[in-house]
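Undergrad: Sequence:
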Amino acid sequence: MTSSPDASPSSVTSGPSVPQLTINTSDVVTNGSTAPNGTDATRRPPQAASAEPTSALSEMDRADSQGPDRGDPTPMSAVSQTGNGRKRSNTDGVEYPRRRATIACEVCRSRKSRCDGSRPKCRLCIELNAECIYREPGIKLDAGDKLILEHLNRIENLLQNALPSTPPGSGMAMSASPAISHSTNMSSDRLGQLNIGMGHTMAGGMGPWSNINNISSMPKNHTTPALNLLQWPKINHLISLPYTPETLLQVELDRPPLQVNTSMNLDLSNTNAYVQAYFERVNVWYAVVNPYNWTSLYKVALSQGFRTGPESCVVLLVLALGQASTRGSISRIPPHEVPPGMSYFSAAWALLPSLMTRTTMLSAQCMILTSAYLFYLVRPLEAWTLLSSISMKLQLLLTTNPPALLPTSSRELSERVFWNALLFESDLLAELDLPHSGIITFEESIGLPCGFEIEDEDSPAGARDDLWYFLAEIALRRLLNRVSHLIYSDVNRERSISTLGPIVGELDYQLTQWYESLPLALQFPHSRVQLSNPIQTVLRLRYFACRTIIFRPYIHAVLKDEKLGMDTVVRENCRKCLEACLRQLEHITEHHAGHMPYLWQGALSIVSQSLLVMGATMSPSLAAVLPPADNIDKMLKDVITELQHYAHLAPSLKLSLELIQEAEERRRYFLRESGMPLQDFAASDREQRVGSTISNNRTRFDLINANPMVLGCNSAVKNWPKDLKYLTKPTFSSKLDHAVLAPLGLTQKPGPKFVGSDNVAIRLITEPAHPAAGEYGLFATKTLAPGSHILDYVGHYHETSPEDTDGASNYDLVLTRDVGGTGRGVAIDARFAGNEARMINDYRGVAAKPNAEFKERETGIMGVYVVVNNGIKGFKGVRKGEEILVSYGRSFWNARKDVAGL
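Numbering-wise, the sequence shown is residues 1 to 902 according to UniProt numbering.
Just so you know, not all the hints are guaranteed correct.
[Unchecked claim] Straight-line distance between alpha carbons at most 20 Å, and here's what the computed EDC-like set of lysine to aspartate or glutamate pairs gives:
#1 K112 x E127
#2 K654 x E665
#3 K855 x E803
#4 K560 x D723
#5 K654 x E382
#6 K576 x E506
#7 K654 x E252
#8 K634 x E586
#9 K782 x E853
#10 K849 x E767
#11 K654 x D254
#12 K729 x D812
#13 K654 x D630
#14 K654 x E337
#15 K576 x E516
#16 K735 x D812
#17 K637 x E586
#18 K634 x D806
#19 K576 x D508
#20 K718 x E882
#21 K735 x D818
#22 K729 x E579
#23 K735 x E658
#24 K735 x D806
#25 K637 x E579
#26 K299 x D267
#27 K654 x E246
#28 K112 x E131
#29 K637 x E658
#30 K849 x D804
#31 K880 x D758
#32 K735 x D804
#33 K637 x E664
#34 K634 x E579
#35 K576 x E562
#36 K880 x E767
#37 K299 x E311
#38 K729 x E799
Just so you know, these hints were derived from the structure itself, not from any lab. Computed from a prediction, not measured in an experiment: that's the story for all the values here.
Could you build the full structure based on these sequences and the hints that come with them?
TA: Dropping the structure here:
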């Protein structure tokens with residue numbers, strides 16, 4: 001049946017029956033084996049078993065790896081076995097996670113009051129503002145416990161030395177991570193030995209005071225984003241324009257707003273399939289919808305005709321995400337096609353304005369699901385706008401109604417909404433310079449999810465609450481935030497190699513502990529085999545992304561100082577970083593597994609890893625630890641092909657594709673002109689090999705190594721790009737011999753016969769409507785008469801044969817197609833080196849006619865002239881301050897009309 005969102009309840013109740021879940025899998029304990037007799041031998045909440053490494057920095061649980069992606073039509077049944085079953089009696093086996101029996105705190109014992117056992121504080125202790133201490137009997141420290149405590153104390157000391165000192169009187173104390181403060185296995189005595197205490201509420205605002213220096217939050221100023229790599233040595237010469245992370249933000253800010261048609265018809269005929277798809281493939285990523293009360297939630301929405309209330313909004317968003325999950329990656333859906341789930345999302349979007357004014361956890365849940373669909377659509381800034389509202393709502397709710405005071409079901413929902421908001425925000429802050437919402441201040445006072453309880457007997461049979469991935473993701477994101485704090489924040493990013501070693505070693509150890517703490521069903525193999533399980537695939541990609549970030553500073557050090565590559569420790573750490581990069585790029589379509597929640601984040605991670613590999617190929621010592629050059633070339637070609645599928649989804653991804661394409665074209669040009677693959681160069685024979693390259697191309701390897709005499713701006717011309725060589729006379733390809741050059745009146749050592757000009761100036765184009773906005777153009781500094789010569793076109797002379805031509809160049813002018821009847825043509829390419837003439841733009845989209853043209857000034861020399869008559873009445877040449885414009889010709893545009901980005 002089809003019904004519009006405005007249908008009355010009576011008109012909808014005749015629709016489909018309430019969707020039922022049919023996922024049937026057995027419960028397992030945290031180590032992957034079924035617990036006997038339905039008892040939980042470990043008696044631990046899930047964070048103690050799988051979400052926390054045995055070693056953690058004092059405020060840590062785990063982290064994230066900037067990385068991959070999600071979403072795949074493959075069901076999650078293989079992994080759902082690690083989740084908990086229905087929360088009925090425990091006759092069906094161990095149910096994850098289990099609540100411990102209540103143990104009275106010391107305050108309640110002394111007052112002989114009934115203790116509700118809430119963590120971190122019971123109700124009475126909250127009312128009395130007293131320290132809530134649970135002393136659990138039968139726990140003593142054995143040798144293993146002491147070793148763990150010693151290791152934790154060592155980590156704390158390491159961090160305290162790494163962090164800036166705390167001002168006296170600030171009132172800050174080291175705060176417990178949720179995994180430690182909520183672990184029911186650890187006594188208060190042991191917590192005391194760790195010097196951990198819960199933060200207190202700020203006097204002047206919301207949030208725990210202790211989190212101001214929380215190293216598990218994303219720092220406000222850091223150099224983690226992918227585009228920061230464009231400022232690194234060698235890599236910065238692969239791009240012609242000065243891209244920064246702010247560039248990504250700006251193109252998203254300039255993006256047209258999302259158009260949502262809220263009058264779309266609502267088709268409810270396939271709701272069963274979409275609900276089933278959501279709980280099999282989507283809820284595992286967010287764990288924000290309770291499968292045990294789904295039936296009652298759906299009934300309420302049905303009675304409201306799906307046109308009012310938060311219940312209707314939740315159901316519509318579940319249907320939207322469920323339908324989206326049935327189509328695989330959105331990158332493979334044709335751009336002209338309406339995204340799957342859009343009709344349900346549009347109906348939910350119409351309900352949002354009324355829900356955004358409600359300060360309830362259910363309205364916050366609706367906004368989390370809305371953000372999830374916006375991430376699926378690759379609309380990061382729209383998602384951030386909603387998340388900012390969620391954050392304010394949550395901070396008020398968590399302050400006035402602490403989760404510890406809430407019933408079990410409400411507490412569980414509030415914890416999951418909070419962690420989703422925090423994960424979303426951290427992902428965005430990792431790549432974009434956005435304002436921090438402040439929600440991080442609650443991190444240490446909010447527990448980790450422990451599993452939904454059954455609320456009604458009408459819940460679907462076989463419903464499962466898959467929580468393990470969500471817990472693993474929380475821990476991994478926190479670890480990556482710590483990496484950003486300890487290595488990439490402003491106060492720490494200039495660490496020396498010697499001081500970096502212990503920090504990197506500890507963070508890598510924690511990443512290993514994170515992996516080893518995963519349930520067996522989630523532990524992915526480290527082999528290079530492609531995985532069929534989407535959850536394992538995503539976790540493996542994020543694991544390697546995190547490992548890349550940890551070891552990345554060593555790559556920067558070697559690119560900055562090639563001699564450091566001779567150090568065995570530095571070289572080994574560079575190998576680890578590059579190995580992690582390659583593992584994320586060698587099977588590029590693996591990222592489809594995470595395209596539901598991570599496509600945008602994963603695409604930027606791909607850009608980051610690709611730039612690192614490109615930079616490594618340009619360093620002799622780093623290239624030596626890479627696979628053969630042909631393998632790298634093919635891998636990067638596959639990366640570009642994959643990114644081409646993403647470009648239409650977001651301006652930031654289109655920009656990412658363009659810069660990777662340009663970087664790869666330049667990299668190949670540099671390596672080709674160097675005369676041999678960089679992998680063949682060794683530091684000891686570098687000079688010998690460079691000296692053996694062809695005449696007039698001897699500087700090509702210097703180009704790669706960023707010799708300022710060659711690659712930097714060696715001209716006084718204002719606004720000349722710093723990574724382009726300025727030429728006063730041309731360079732020549734080795735294929736151009738005397739038989740070709742002589743008829744043109746040229747030699748390999750041309751005299752001062754090429755003419756520049758002081759009549760022009762290079763300027764940045766800032767008009768938004770200009771086709772070359774953000775790039776450079778050439779402008780007249782005085783009025784130029786019709787027919788007058790402006791300057792010569794200087795560049796690299798080469799044969800027009802395919803093997804001597806850069807097919808990707810947009811700066812190649814054919815001088816002649818047949819020199820003296822030899823059948824050999826000559827062209828001038830100014831792509832990587834030239835003079836002001838290379839800055840001249842095409843007139844299309846700027847003026848009605850061109851005001852200049854290319855023509856030979858004399859044999860062998862191409863000049864730029866003001867046209868005599870461009871067909872415009874009263875044409876008097878090029879006025880002062882006017883842009884010089886030519887026609888590139890129809891053949892130029894016809895050859896490029898299908899090229900991405902043009």
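Undergrad: What hints, given by number in increasing order, does this structure fail?
TA: 3, 13, 22, 23, 30
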